[in-house]
Amino acid sequence: MANGYHVAPDPSAIPELLRTIGRARRSGGISHPAPILGFLSGVFEQNPGRISAMLSEWHALDEVEQAIVLKALLYARKPEASNFIKGVWSDRMLSILKQDLRDPRSAPSPDLTVVNNPGDLDFLWGRFFGTGGATPVRTIIKATKLKSRRADPENVATGLAAAWSLASNAGRYDRVLAICKETLKSADPATISILEDIVAKAEQRRSAAGS
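In terms of the UniProt record's numbering, the sequence shown has 209 at position 209, counting the first letter as 1, and numbering is strictly consecutive.
By construction, these hints were calculated from the structure, which means they are not laboratory data.
Beta carbons are placed, not taken as given, at the ideal position from N, Cα and C, and that holds for glycine.
The reader is advised that the hints may include incorrect statements.
Unchecked claim - Listed next, with one range per pair, are the computed distances between beta-carbon atoms:
(1) E196 with A157: 19 to 27 Å
(2) E80 with S109: 18 to 26 Å
(3) E203 with P15: 42 to 50 Å
Let the sequences and hints guide you as you build the complete structure.
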């Protein structure tokens, strides 16, 4: 629902986007918070001066949504984010955040550089869609080599998911395709082989879609 945000970033759209996310989550359309957390933390990080405006409807969020937003603010690591947290902080907020951190689906560190599971991929794609930055995509590219670790089924699944998600998003978004092509110029042989296949699949999808 926020995948196209990076194409034309607009912080003023965040309140409505939060309402949309809330409706989708409550109806079962969003099963875990990692992509939302990645997206919001990226938006907050890039627009610290607009955090209060983006969260103008804070009190309309339910506790689950507030926990996600609180964590995204912490991940943004900006003085404005800290100031917002201080303004809404309460013992109840601490309880909500502790409960969220105990959730096994809780997202990884904001400094994630190594993908360990598909949930990490969701977080990184959220970061990308919130910022348009190359770093999350490059981390996902590194994860594609996990699919060659045949002795560990989870690694294989994560590597395959990384490759599939790259081909899918590169087929839709110019920025992802450009990052893949740029990475090809300096990648190691194993990554080059994987990336060439990803780029080829992405371009096939674009051709089939008439783009």
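Handout entry: Earlier hints that do not hold, by number
Key = 3
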